[in-house]
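Novice: Heads up: the sequence lines are chains A and B, in that order. Our numbering numbers the first residue of the first sequence as 5 and each following residue consecutively. Our numbering numbers the first residue of the second sequence as 65 and each following residue consecutively.
No lab work stands behind these hints, which were simulated from the structure alone. In this text the structure is predicted, and so the values were computed from the model without any measurement. Misleading hints may appear alongside valid ones.
As the list claims (entries may be wrong) - Every beta carbon over 10 Å from chain A, so not counted as near; a handful from chain B, in silico:
no. : residue
1   : Gln73
2   : Glu75
3   : Asp78
4   : Asn97
5   : Arg119
6   : Cys127
7   : Arg132
8   : Glu149
9   : Lys152
10  : Lys160
11  : Val178
12  : Gly180
13  : Met213
14  : Glu240
To be verified - List of simulated lysine-lysine pairs, BS3-like, C-alpha gap at most 30 Å:
no. : chain 1 : residue 1 : chain 2 : residue 2
15  : B       : Lys311    : B       : Lys93
16  : B       : Lys311    : A       : Lys19
17  : A       : Lys143    : B       : Lys311
18  : A       : Lys148    : B       : Lys311
19  : A       : Lys22     : B       : Lys311
20  : A       : Lys52     : A       : Lys19
21  : A       : Lys22     : A       : Lys143
22  : A       : Lys113    : A       : Lys182
23  : A       : Lys106    : A       : Lys179
24  : A       : Lys203    : B       : Lys311
25  : A       : Lys19     : A       : Lys53
26  : A       : Lys89     : B       : Lys311
27  : A       : Lys33     : A       : Lys19
28  : A       : Lys19     : A       : Lys102
29  : A       : Lys227    : B       : Lys311
30  : B       : Lys185    : B       : Lys252
31  : B       : Lys311    : A       : Lys8
32  : B       : Lys311    : A       : Lys18
33  : A       : Lys106    : A       : Lys182
The C-beta atom is built at its ideal place from N, Cα and C for all residues, glycine as well.
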Amino acid sequence: MVEKFHEELEVVRKKVIKMGHLSKEMLEKSVKALKDIDLELAKEVEKKKVRLADMDNEIEAETLRIITLYQPMAKDMREIACILKLITYLTRIGRYGKDIAKIVPEFEKRGHVKKLVSIPYMSDLVCGMLDDALDVFEKGDLTKFNDFVDREDNVDELRYGIYRECLTYMMEDPKVIKRCTQYIIIARYLERCADHTCKMAEKIIYKISGDRVEIDCREKTSKSCFTGAPEE
Amino acid sequence: MSISGNIIQTENLDLWYDDKQALFNVNLKIRPNMVTALIGPSGCGKSTLIRCFNRMNDVINGCKITGRVLYNGKDMYGEKVDPVEIRKSIGMVFQKPNPFPKSIFENIAYGPRVQGINNKKKLDKIVERSLRDAALWDEVKDRLNDSAMGLSGGQQQRLCIARSLAIEPEIILMDEPCSALDPIATAKIEDLIGKLKKDYTVIIVTHNMQQAARVSDFTAYMYLGKMIEFGETTQIFESPREELTEKYITGRFG
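Start from the sequences, fold in the hints, and give me the full structure.
Specialist: The structure is reproduced here in structure tokens:
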């Protein structure tokens with residue numbers, strides 16, 4: 005029975021990673037669709053939301069089934085708890101991708117206000133964080149989270165930069181207001197995604213070490229601060 | 065209560081059955097009014113340990129103990145200590161319910177009678193209080209003179225708990241009290257344990273990990289006669305410090 009339990013947990017674990025790749029793909033492709041104003045690609049991303057929701061439901065049902073059948077303890081229980089949280093964050097991230105994809109048609113007529121640089125860069129940063137989080141979830145190397153605060157900070161700064169930049173464009177020319185507002189909203193979405201990857205990291209740290217920590221210590225909650233994992 | 069705040073404390077406890085050592089340097093502190101669970105695979109010494117707490121090992125030939133077991137700060141195995149006195153304040157409940165082949169009333173009244181209480185009114189009171197504390201009163205109050213052997217397994221076990229409560233012990237030792245019971249009777253005993261800790265200290269040996277997690281405040285994990293880990297139950301089951309504990313409670317061995 006123990007072996008069967010671990011086999012089943014392994015199946016769910018693989019599904020979580022698959023779902024993670026789907027979320028990342030949705031975000032990545034939505035920004036690519038935006039950059040190239042590729043309506044077809046945007047449609048494709050939008051359609052993936054169904055698969056994303058299905059995976060969320062499937063994984064949730066499977067973890068709940070595992071809990072009822074095996075009543076896992078210690079690190080197995082922590083992994084189950086982690087998975088239940090991860091799939092929520094992954095759903096949010098994937099759906100932000102869908103939201104960005106939905107905005108793409110707005111640029112069809114007039115094109116971009118200027119060449120899109122900061123938003124794709126932000127998306128790269130977020131996708132990199134997401135990749136690392138999934139990798140740690142799979143392989144357990146916590147040192148990959150050591151620079152997460154910095155990386156999230158950079159994403160925050162970029163969002164603020166985009167906001168300031170857009171403000172000046174809008175003051176110069178009211179015709180860009182509609183598009184610039186969209187840029188601000190998209191930058192906000194991407195910033196939220198980075199935040200979600202930090203929350204994922206916290207749950208993954210809990211799964212691996214049992215510690216309940218805060219990645220961003222400015223939050224000042226009752227949890228202790230993640231001071232980094234020791235390098236090998 | 066002892067000065068240290070522990071009702072029972074073992075110090076470097078070793079135990080041999082003839083030349084086979086069963087306990088190795090066990091240091092454990094039991095807090096009053098708490099439920100402490102002893103877990104571990106078969107043969108790890110948890111039953112042996114719990115039997116040290118009311119000197120039940122005394123009756124086993126070839127059993128030898130070194131180290132100390134303090135009960136309220138006093139050495140339980142000291143020269144002048146009478147084991148019968150110890151067992152008056154430390155009751156025990158076993159795996160299989162073992163009521164006396166007497167009436168329900170007489171099962172409970174037996175202990176107090178031995179202690180010299182013969183007043184019918186007093187005995188009535190003791191029997192009612194014990195049965196109420198053991199959550200059995202409502203089920204048997206109209207048939208106290210029926211044979212205890214006619215009760216269901218779960219009722220018999222609660223009767224045994226009531227019997228141990230009749231002499232007003234400080235500590236109740238339970239050696240797998242639910243392993244012969246069905247899930248409903250088990251749930252009743254578990255609820256009961258939660259209520260008992262208000263007035264008593266409970267030490268329970270169990271093979272059921274979920275049960276240990278549900279009923280206890282502290283958990284000790286034992287393996288091959290050694291105390292591997294002791295701590296708050298939530299910590300032991302959420303993030304054990306020792307790899308051996310982790311492996312056992314996640315079912316990877318044992």
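Novice: Kindly indicate which numbered hints from before are broken by the structure, ordering the numbers from low to high.
Specialist: Those not satisfied: there are none.
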